[in-house]
Amino acid sequence: MIELEAAGYTYRGGEPLLREMSLHLPPGSFHFLTGPSGAGKSTLLKLCYFELLPTEGDIRIFGRSIKGMSRDDIAQARRRIGVVHQDCQFLDHLPLAENVALPLKVADKEPEPANLLELLSWVGLERRAEALPPELSGGERQRAALARAVVMAPDLILADEPTGNVDWEMSLRLLQLLVELNRMGKTVLVATHDLNLIRAAKKQVPARVLRIAGARLQLAGADL
Amino acid sequence: MSNGRDSEHRHQPGSPDVGFGADAPGSSPAQTPAAQTSPTQPSGTPNPRLSGASRDPASPSQTQPPRPPSQGASPTTGPTTGPAPRRRSAAPQPAAPRRNAGDLGRSAARGLRRRGEALWALMRGDPGADRVVPPTGVTARLTQLTAGAMAVLAVFALAVAVSTDRMADRWSEELARTATLRISAPEGQVDAQVAAALTLLGETPGVEGARRLTSEEERALLEPWFGPDLPVETLPIPALIEITTTQDGIDAGGLRARLAGEVPGAIFDDHTRWRTPLVGAATRVRTLGLLALVLIGTATAAMVVLAANAALAANARVIAALRLVGARDVYIARAFVRRFTRRALFGAGIGTATGMVLIALLPAADAATGVLGGLGFAGAGWLWPLIVPPLAALTAFWATRFAALRRLKELT
Numbered sequence: 000m001i002e003l004e005a006a007g008y009t010y011r012g013g014e015p016l017l018r019e020m021s022l023h024l025p026p027g028s029f030h031f032l033t034g035p036s037g038a039g040k041s042t043l044l045k046l047c048y049f050e051l052l053p054t055e056g057d058i059r060i061f062g063r064s065i066k067g068m069s070r071d072d073i074a075q076a077r078r079r080i081g082v083v084h085q086d087c088q089f090l091d092h093l094p095l096a097e098n099v100a101l102p103l104k105v106a107d108k109e110p111e112p113a114n115l116l117e118l119l120s121w122v123g124l125e126r127r128a129e130a131l132p133p134e135l136s137g138g139e140r141q142r143a144a145l146a147r148a149v150v151m152a153p154d155l156i157l158a159d160e161p162t163g164n165v166d167w168e169m170s171l172r173l174l175q176l177l178v179e180l181n182r183m184g185k186t187v188l189v190a191t192h193d194l195n196l197i198r199a200a201k202k203q204v205p206a207r208v209l210r211i212a213g214a215r216l217q218l219a220g221a222d223l
Numbered sequence: 000m001s002n003g004r005d006s007e008h009r010h011q012p013g014s015p016d017v018g019f020g021a022d023a024p025g026s027s028p029a030q031t032p033a034a035q036t037s038p039t040q041p042s043g044t045p046n047p048r049l050s051g052a053s054r055d056p057a058s059p060s061q062t063q064p065p066r067p068p069s070q071g072a073s074p075t076t077g078p079t080t081g082p083a084p085r086r087r088s089a090a091p092q093p094a095a096p097r098r099n100a101g102d103l104g105r106s107a108a109r110g111l112r113r114r115g116e117a118l119w120a121l122m123r124g125d126p127g128a129d130r131v132v133p134p135t136g137v138t139a140r141l142t143q144l145t146a147g148a149m150a151v152l153a154v155f156a157l158a159v160a161v162s163t164d165r166m167a168d169r170w171s172e173e174l175a176r177t178a179t180l181r182i183s184a185p186e187g188q189v190d191a192q193v194a195a196a197l198t199l200l201g202e203t204p205g206v207e208g209a210r211r212l213t214s215e216e217e218r219a220l221l222e223p224w225f226g227p228d229l230p231v232e233t234l235p236i237p238a239l240i241e242i243t244t245t246q247d248g249i250d251a252g253g254l255r256a257r258l259a260g261e262v263p264g265a266i267f268d269d270h271t272r273w274r275t276p277l278v279g280a281a282t283r284v285r286t287l288g289l290l291a292l293v294l295i296g297t298a299t300a301a302m303v304v305l306a307a308n309a310a311l312a313a314n315a316r317v318i319a320a321l322r323l324v325g326a327r328d329v330y331i332a333r334a335f336v337r338r339f340t341r342r343a344l345f346g347a348g349i350g351t352a353t354g355m356v357l358i359a360l361l362p363a364a365d366a367a368t369g370v371l372g373g374l375g376f377a378g379a380g381w382l383w384p385l386i387v388p389p390l391a392a393l394t395a396f397w398a399t400r401f402a403a404l405r406r407l408k409e410l411t
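Chains as they are written, first to last, in numbering that gives the first Met the number 0: chain X, 0 to 223; chain H, 0 to 411.
So here's chain H without its partners, still in its complex pose (with noise of 0.2 Å):
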């Protein structure tokens, strides 16, 4: 701070210029070093303001004039040393111009462009920005280990999930419009039941078709039970008519009146009793799939942040010789960010492939495997684990930024 003291003192040369109130007897003269350093330095001497990058822009010329004292500012009471410091002009600000929509819109094309060349600079890597933190190889390879791992039983959550789902709406749809009718007579009058069940249904609003499972499908739907050699034909089995419905499907209260009076013998089954629980056993599973892909990618944001806490801890010195030449949070994280970004990328990557890998081993759909065979991507469904790897790049990426802008704050 300056007062009118320092100012007379720059006006008296030989005059003491450290002022501490009363200035000390026998201090040396002032340089009055802004004002008297001679721009000529000393031959030989390298000019340090020329080696390295250009000069901040914002840094004020060592040309200046000294600044005026300020007028009215409290006189210093300790020591004051020399002339008043420079300090940058004042110069009014020209009033903002009022934003425009245009101007908005141009704004937030350039903030666009911006985080577009900020995520373009996280994939292709900046090595010169990543080797001021030294390579942790531990930490590196178990993030990778840790994502990978992840990445696999994403994988699975994924398939459990693509599938149940594609379970469910399979037997909510083709189940839905479909139904049973199971025909018990005394033998010699089935064949006459079925035949007068067919006309019935033929009549019936909503029947799309009606048609008698033959001896083999009969065969074939008791073979799991039985084996193969069944003599169904010798066997008081009850006939089955598979009914398909259209889309407004039918009545089934006044099928089953029609059918209680002129089939006696039938017995109306449109599968609602077993189909409802059915679905919603599916829909239950498809919901712990995507919980488990939830969990998946909460727990790998835990490890993340927990590796780079680590991390940044013990590249504590490092941060703080950073902090110290000027260098901003965002920097010092971004070394970090990108590094544990990459990992995880990397990790997933190969999770997932092995994950995939893993699934299409996986037995297929067949009666013999059941609903199990079932599990598994099918035709574009394989490209659902392609988005594991990206998502783990992402939760990396916010996880670490998360730690690392809060860590550094605390660490300096």
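If we strip away everything but chain X, and leave its shape as in the complex, we get (with noise of 0.2 Å):
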């Protein structure tokens, strides 16, 4: 699903903040990456969804490398991959229900009702479809990026730090989304620095935890 081959990662003008990583995500798994703030958990994110391109080695995602792609090419494997920001990035100025489907607008396909309203309703939001963005409460917009991120059906979630602003609670239903779509057979990689949100899943899904640690990508195991 997501292979990275020695890939690492310069700001420009800045010291490497990613370097040699070499990681290979097998479709169905869930993972988890931690680390300390600023330590490039993000970057690494961006990497695998194509928003930065790595400044060396190289990237594999469904089999294809980052290097032979053009930007349509990146376009079309984006909507393959399922993007839970921590700051959700909803167009402020559509309903929520259109938001959820943007992808499919996007791709040029129509949402059918139904389907979104049922999609809405896996994330408790069947009531608030119609409301913008900015009247819906933090938990309420992170349960809609996951919406968002599912409706056209994935291999691949990646969520940044999805249950940074919301409440304990939130933080286990949004989990709770997570590892259901995981038994569905999709891959995920969460980024979080929440280590009880990570020992909470381990407990239902055979979740691993990878950690960035003086640029490096690191396996966390047993200790958490």
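Check before you lean on any hint, since a few could be wrong.
Unchecked claim - Cut-off 20 Å, straight-line C-alpha distance, at most; resulting in silico cross-link-like pairs (DMTMM-like, lysine to aspartate or glutamate):
id : chain 1 : residue 1 : chain 2 : residue 2
1  : X       : 66        : X       : 109
2  : X       : 201       : X       : 160
3  : X       : 66        : X       : 19
4  : X       : 66        : H       : 409
5  : X       : 45        : X       : 55
6  : H       : 408       : X       : 50
7  : H       : 408       : X       : 72
8  : X       : 108       : X       : 71
9  : X       : 108       : X       : 86
10 : X       : 45        : H       : 409
11 : X       : 66        : X       : 50
12 : X       : 45        : X       : 72
13 : H       : 408       : X       : 160
14 : X       : 45        : X       : 57
Claimed, not checked - Residues of chain X placed beyond 10 Å of chain H at every Cβ, according to the derived structure:
id : residue
15 : 106
16 : 160
17 : 165
Since the hints were derived computationally from the structure, they do not count as laboratory data.
All values reported here derive from a predicted model rather than from experimental measurement.
Even glycine gets a Cβ: it sits at the ideal position worked out from N, Cα and C.
With the hints in hand, could you dock these two chains into one complex?
Structure (structure tokens):
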């Protein structure tokens, strides 16, 4: 699903943030990505959905190297990747239902209202379909972001601090949704520094923990 | 990347699936998700795969078997977790059939049809696609206003170009086939010299007709300078003979030589002396009018590019969100292109109508207005301004498309 081959990233004019990262996430796996603030968790996720391109090494997603991909290829690949951002990145002028259906819209597909409502029900937002994003609470926004991330039935779910702005109960609810997705066969990679969330997840799924330290990727498993 | 160890792990239940070189001790057993995940989902949980539209046919199925380990692949030194990923089968592709002329023709027809459909989609609009970009009231109004103002100027420039073109043609054609014979003779000899001149002209090859101007016509010619009550008959005004030539023209040199011998008071004027600079001036004015049109088009394009860049910069967050969910550059650009094209078309339509009304209000051509009265359109020439709105829309289309696609590469 995702293969990093000695990939690294250095922001312009800065020190290397990520170095020689080799990683292979198989389909259907559940992984957490953790590390201190500024370690490069979000950067690694951005590499995984091509918002950033590696300054060294290579990344292969769905068996294809990033090096040979055009901008259209990247857009096509992103339709198979559901991304949940901490700030959700909604279009504030569109109602929630249209925001959730946006991946379908940009792929020139017409969303079926019944299916869309079913998806919103899955995240508990069926009554907020017509609400504008600024009217939603933090938890609702995160759940909506998750619904948008899965509306295209992606193979891979990437979540960047999805529980960063919500309380513990909402964190568990979001985790439950991610676990359900994983049980359906989706590959899930969650960047978080919330160890309690990771412990809660490991009780439900065989989640693995990756840690970024010293610009390199390490395995953290038994200690959590 | 997979290696042989991954393969072994899949066949050894209970062994750690996360292969960090030497797997970390205590790692929990791996689920081999693709193979082991039950298709049965938790009860009461809607399957997101059923939500929304159908699955992308290009996506690999979740029920595909795991990919066999790649042979000869270099070992992964970093974290390598679980079984190897599934890949799309690399089935051998059939050789591409040779394309003959018929195929190429059909391909070209398909391409044309696609372009036609795209143009039709652009014109009829796509409210859904447009909605992804929030409305920008001020930019929209300014774009329409500028397009309208430019269209008014374009209609004026077009009127100048068309009018001067018409004048140049008329002067060039009509004056080229006319000449004037002026006879200045002592009183009492004028009529005789006129008669001799008319006789001579009647025998001259290339002369289609010749007639003496009447007193009324002479008075009309002098009226702008001396007023209507000029007693032409009492003034020593030379007699004027209007000559119309055939298409082949006349031998001006030969005619002058004969006139010098037979009609000593006659001066032959074939209009060349003042016709040539007049036509040259009209041609230059026409060129200036066309240049003004080009400049107006360029200014419109530059204005649209600026406005589009401003709109793109203002919507950087929207664009990032669209890119995130898989929007292609063309899709994003389309929303801006359609918007600016329609604004330009609408604004230019209003501007063109306004310009046509203003041109229609210009005074008609007559002796009092002189050359200025001839500005404007005549007959089918009134159709010329109608090309301004489509041209403005076309300019806006390409300018926005160029600006959007270039800017999108910079933004994301």
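To see whether the hints hold, each was checked on the structure:
no., hint, result
1, X:66 <-> X:109, "32 Å, violated"
2, X:201 <-> X:160, "17 Å, holds"
3, X:66 <-> X:19, "16 Å, holds"
4, X:66 <-> H:409, "19 Å, holds"
5, X:45 <-> X:55, "15 Å, holds"
6, H:408 <-> X:50, "12 Å, holds"
7, H:408 <-> X:72, "14 Å, holds"
8, X:108 <-> X:71, "17 Å, holds"
9, X:108 <-> X:86, "26 Å, violated"
10, X:45 <-> H:409, "17 Å, holds"
11, X:66 <-> X:50, "14 Å, holds"
12, X:45 <-> X:72, "16 Å, holds"
13, H:408 <-> X:160, "27 Å, violated"
14, X:45 <-> X:57, "14 Å, holds"
15, 106, "6 Å, violated"
16, 160, "15 Å, holds"
17, 165, "20 Å, holds"
The structure fails hints 1, 9, 13, 15 (numbered hints given earlier, in ascending order).
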